[in-house]
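K.L.:
Listed below are the residues making up each chain.
2 protein chains.
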Amino acid sequence: MKIVIVGAVAGGASAAARARRLDEDAEIILFERGEAPSFANCGLPYFIGGVIQQRASLLVAPKQQLEDRYRLDVRTRTEVTAIDRDKKIVNVQDLETGNKYQQEYDKLILSPGATPLRPPIPGADLPGVFTLRDLRDADRLHKKVREAKHAVVIGAGFIGLEMAENLVHQGLKTTVVELADQILPPWDAEMVAPVAEYLQGKGIALKLSDAAEAIEEDGTSMQVRLRSGEQVAADLVVMSVGVRPENTLAVAAGLAVGPRGGIQVNRHMQTTDDDIYAVGDAVEVRHFIDDSPIQIPLGGPANRQGRIAADHIFGRNSTYRGTQGTAIVGVFDMVAAMTGHSEKALLAAKHPYLKAYVHPKDHAGYYPGAESLSIKLLFSPDDGKISGAQAVGRKGVDKRIDVLAVAIQAGMTVYDLEEMELAYAPQFGSAKDPVNMAGFVAAGMLRGDHPMEHAELLLDNDSDQKPFILDVRSPAEFKAGHVPGAVNISVDVLRNRLDELPRDQPIVTYCKIGMRGYLATRILMQRGFTVSNIGGGYTTYQAMALSKGF
Amino acid sequence: MKIVIVGAVAGGASAAARARRLDEDAEIILFERGEAPSFANCGLPYFIGGVIQQRASLLVAPKQQLEDRYRLDVRTRTEVTAIDRDKKIVNVQDLETGNKYQQEYDKLILSPGATPLRPPIPGADLPGVFTLRDLRDADRLHKKVREAKHAVVIGAGFIGLEMAENLVHQGLKTTVVELADQILPPWDAEMVAPVAEYLQGKGIALKLSDAAEAIEEDGTSMQVRLRSGEQVAADLVVMSVGVRPENTLAVAAGLAVGPRGGIQVNRHMQTTDDDIYAVGDAVEVRHFIDDSPIQIPLGGPANRQGRIAADHIFGRNSTYRGTQGTAIVGVFDMVAAMTGHSEKALLAAKHPYLKAYVHPKDHAGYYPGAESLSIKLLFSPDDGKISGAQAVGRKGVDKRIDVLAVAIQAGMTVYDLEEMELAYAPQFGSAKDPVNMAGFVAAGMLRGDHPMEHAELLLDNDSDQKPFILDVRSPAEFKAGHVPGAVNISVDVLRNRLDELPRDQPIVTYCKIGMRGYLATRILMQRGFTVSNIGGGYTTYQAMALSKGF
Numbered sequence: 002m003k004i005v006i007v008g009a010v011a012g013g014a015s016a017a018a019r020a021r022r023l024d025e026d027a028e029i030i031l032f033e034r035g036e037a038p039s040f041a042n043c044g045l046p047y048f049i050g051g052v053i054q055q056r057a058s059l060l061v062a063p064k065q066q067l068e069d070r071y072r073l074d075v076r077t078r079t080e081v082t083a084i085d086r087d088k089k090i091v092n093v094q095d096l097e098t099g100n101k102y103q104q105e106y107d108k109l110i111l112s113p114g115a116t117p118l119r120p121p122i123p124g125a126d127l128p129g130v131f132t133l134r135d136l137r138d139a140d141r142l143h144k145k146v147r148e149a150k151h152a153v154v155i156g157a158g159f160i161g162l163e164m165a166e167n168l169v170h171q172g173l174k175t176t177v178v179e180l181a182d183q184i185l186p187p188w189d190a191e192m193v194a195p196v197a198e199y200l201q202g203k204g205i206a207l208k209l210s211d212a213a214e215a216i217e218e219d220g221t222s223m224q225v226r227l228r229s230g231e232q233v234a235a236d237l238v239v240m241s242v243g244v245r246p247e248n249t250l251a252v253a254a255g256l257a258v259g260p261r262g263g264i265q266v267n268r269h270m271q272t273t274d275d276d277i278y279a280v281g282d283a284v285e286v287r288h289f290i291d292d293s294p295i296q297i298p299l300g301g302p303a304n305r306q307g308r309i310a311a312d313h314i315f316g317r318n319s320t321y322r323g324t325q326g327t328a329i330v331g332v333f334d335m336v337a338a339m340t341g342h343s344e345k346a347l348l349a350a351k352h353p354y355l356k357a358y359v360h361p362k363d364h365a366g367y368y369p370g371a372e373s374l375s376i377k378l379l380f381s382p383d384d385g386k387i388s389g390a391q392a393v394g395r396k397g398v399d400k401r402i403d404v405l406a407v408a409i410q411a412g413m414t415v416y417d418l419e420e421m422e423l424a425y426a427p428q429f430g431s432a433k434d435p436v437n438m439a440g441f442v443a444a445g446m447l448r449g450d451h452p453m454e455h456a457e458l459l460l461d462n463d464s465d466q467k468p469f470i471l472d473v474r475s476p477a478e479f480k481a482g483h484v485p486g487a488v489n490i491s492v493d494v495l496r497n498r499l500d501e502l503p504r505d506q507p508i509v510t511y512c513k514i515g516m517r518g519y520l521a522t523r524i525l526m527q528r529g530f531t532v533s534n535i536g537g538g539y540t541t542y543q544a545m546a547l548s549k550g551f
Numbered sequence: 002m003k004i005v006i007v008g009a010v011a012g013g014a015s016a017a018a019r020a021r022r023l024d025e026d027a028e029i030i031l032f033e034r035g036e037a038p039s040f041a042n043c044g045l046p047y048f049i050g051g052v053i054q055q056r057a058s059l060l061v062a063p064k065q066q067l068e069d070r071y072r073l074d075v076r077t078r079t080e081v082t083a084i085d086r087d088k089k090i091v092n093v094q095d096l097e098t099g100n101k102y103q104q105e106y107d108k109l110i111l112s113p114g115a116t117p118l119r120p121p122i123p124g125a126d127l128p129g130v131f132t133l134r135d136l137r138d139a140d141r142l143h144k145k146v147r148e149a150k151h152a153v154v155i156g157a158g159f160i161g162l163e164m165a166e167n168l169v170h171q172g173l174k175t176t177v178v179e180l181a182d183q184i185l186p187p188w189d190a191e192m193v194a195p196v197a198e199y200l201q202g203k204g205i206a207l208k209l210s211d212a213a214e215a216i217e218e219d220g221t222s223m224q225v226r227l228r229s230g231e232q233v234a235a236d237l238v239v240m241s242v243g244v245r246p247e248n249t250l251a252v253a254a255g256l257a258v259g260p261r262g263g264i265q266v267n268r269h270m271q272t273t274d275d276d277i278y279a280v281g282d283a284v285e286v287r288h289f290i291d292d293s294p295i296q297i298p299l300g301g302p303a304n305r306q307g308r309i310a311a312d313h314i315f316g317r318n319s320t321y322r323g324t325q326g327t328a329i330v331g332v333f334d335m336v337a338a339m340t341g342h343s344e345k346a347l348l349a350a351k352h353p354y355l356k357a358y359v360h361p362k363d364h365a366g367y368y369p370g371a372e373s374l375s376i377k378l379l380f381s382p383d384d385g386k387i388s389g390a391q392a393v394g395r396k397g398v399d400k401r402i403d404v405l406a407v408a409i410q411a412g413m414t415v416y417d418l419e420e421m422e423l424a425y426a427p428q429f430g431s432a433k434d435p436v437n438m439a440g441f442v443a444a445g446m447l448r449g450d451h452p453m454e455h456a457e458l459l460l461d462n463d464s465d466q467k468p469f470i471l472d473v474r475s476p477a478e479f480k481a482g483h484v485p486g487a488v489n490i491s492v493d494v495l496r497n498r499l500d501e502l503p504r505d506q507p508i509v510t511y512c513k514i515g516m517r518g519y520l521a522t523r524i525l526m527q528r529g530f531t532v533s534n535i536g537g538g539y540t541t542y543q544a545m546a547l548s549k550g551f
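Sequence order for the protein chains is A and B.
Its first residue numbered 2, the first sequence is counted upward by one per residue in my numbering.
Its first residue numbered 2, the second sequence is counted upward by one per residue in my numbering.
Hints were generated in silico from the structure; no laboratory data involved.
Not one of these hints is a red herring.
Which copy? The list can't say, so a pair holds if one copy fits it or any two copies do.
Cross-link-like lysine-lysine pairs, in silico, DSS-like; alpha carbons within 30 Å at most:
no., residue 1, residue 2
1, 396, 203
2, 513, 64
3, 174, 549
4, 480, 64
It should be emphasised that the depicted structure is a prediction, and the values quoted were computed from it without experimental measurement.
Take these sequences, add in the hints, and give me the full structure.
P.N.:
The structure is reproduced here in structure tokens:
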């Protein structure tokens, strides 16, 4: 068996190692255009920022180790330029010597990854304009940041924000420009609006709903001209507006690709040619939840796909279950994570959904160091099945999203979240964990115990029938800031002041995070009022207002 | 509806709050023997240790708040002394005034908790001997530690170790005495043996397989006399040898209790009297996995049970799913957590099982601060269903046990662990998360790809057929310590030295954590050798040896 693999990072390297474990006799050849196989691409921003100090630590599985340990034939700085499917041959070029040759295969695995997009604006090719994909890019940036003072990052996705943080670590005055009206576009806007505010507090200038129109040389430096008319000085510009699947080889060979360019594969990662597999960021996968075709570049799935392709080559029935879209990004001390569908994705796909917000502490409030985190849970109005979740905060975010990712994988409902028995000691969680809390709120909505409205209602000025807005926090909290038009009656005295509330008008109530508002809703429902609680309370209201530019 | 609740901490307070949300008109009376309702019992050791500095922060829901917000009738320092089931009346005594009275109920909820055991040894009642259950105990200890220099903690369970840590924080020379031959008896010995070693490194004297036989006054101090003959000086002694369910009221009223004293309840938390419910540490519950009756005092389950009892009183069909035994303890920087069955529990119950060990980093090794953690996974040899998991390490332990707790709740298998899509960025995890790794190893065993032996084999000196022991680590690693009798051939050169291996004798191979050993096993299997890998490699071997006193 002769296996040829194109691309020796995540998916390709995993496929190679798995293939070797399954067959000592296979000939396994890894072609890698870059200088090193299996490097830590997710670590590159942190190398540039000096968080990772040793470049060598980015070489996760060095060439020599792959050769000795796995008896792989690793050919770096070598590009596969064409596939001849009939002859089962690839054309190869050694990028160092220029030598060209052909290589036969029995099975071919494509793991070429994805290419950073470079918007076609004037100046995009200036030497001070960078993208970040491989070690060479990282080395160039690593050098450049040490002599630069001002940076512009175009694109506020994962890489853009990680780069921005690391540029700040290196002392650069950094501006981030993002076309969307929010950072981290896969998340819902109100979840990440507080993160945007936090980044501004860290000295990053954020230009949302804006775009770079041109990059102009300015002496030894540059000026980035924005659509808004603003000009921003930059000694270096990082383009991180997204990636496109590296499909050139596949398309030239007549393999099917999807509408967004991803190489199409079946559940075994086989392309439309049975002898050619494709894995990683270059492929179009199915969404775990609704089986829709998607393009999500993630390291975990790439590794699993590589393994599955190797399994299938050796006659095993391994199948890829689909990608859930579990993702996480840390910026300074703030973390945003998600899994499954966002609200905007559910809206776009016209999937019915309900949503719940909670803002609990990451661990017991009485133990030092507890921090609030915000969880948004999306679930089916029919059976409570979980569709997606997002979490933002300083601590415990990764844990809760992992728990919810598993719940989605298992097809669990919000009722299951109520019953989850998670590890509790005061420094790690609460007897009622944030995940339980999200379950309580969501299940309460489905059971009819907890009528809910969302902050959008309070921000929609076109609505003609205004509800009576009841703030059930303490007078001190009310005084520090409240929803315009709200009347303040603390939940602790509400039972004695029911005569101040209207019986002919819907009431919406809110507190800081939704707990007291829920109790107020229970009290008023039982006394015959028409009442709903605002999900996530004033905390969600503020985030929503921020996201809408109020 | 008149609801009387005995005990106003976790389960009782949850039941009361839920009952109020369900019925504004119910009369809800909470009797609490202690001075405060709803206090943070899991925080008491940290209050004593000065980690939690404000005593007020232990009062999670103060009396006044429960009265104002939930309109509960909270009667602290008041004891319920008897139940008259026929008349549906409880006898009550005010502990401050001595006044006695009767209180009618429609529904009674018992949430009396559990009492710390005090072994009947001479001196157990000396004033310097403490147990830790409530705020009074905590106040007394809080005062005492500030004038003490030497402490003895009897019992190395959760509370014992948390107390030991906090006594060290207060500068006390601390000795821990434990009857079992390991700390943290719910865990398997080899998982916590490294924690015991770590505690000794923190200056704690550990006396395992030993017991206090007497405590004797010695001037203003005491001497604790151990079964081993040793004497340990102590200005204070903390007894933390376990708890027994507080069942006096229930037994006197003729309610059924289990063999270990727990009040017996159905899935709705009803006792053998339909109008009396019981929740929390006082009840016998069913194990989530095998439905066996168990007694596990945990805060999370107590809260859920309180909620379920209130639901059922108001005609809802809420049911308790059983307790999984998810638990966690932090001592200094080390964390041990578990969920589901331990190996010793599976052995005792004669459940068939397999086990897998992994020792991955908590996050990507190339990102600073990565620490190893150890995971032990127990699963069914038939279908791979997960039976239990334990994890020990400095970071990321709580997250992995929570993920595995959900997997158990969902009835997932080790094959599901392989496919889990968890949140990955280098500071939070790895593209192949520790949970995925555990799944790979376990599924490899079930598929026959990964023949496994365990370290016990190497430590069993009675075995007559000795395997050939092959250490596939580097010569430097081998030199630093290895299994007696092992032969060292690094996996990187193994393929060239097959002629040094026996074809007529079983081979067991090992490396540091099991990865290279697995590859060596794959190589040798395919070359016709009879070979197994040692699960968890030399790391598990060392922990196992430590646990067996080698």
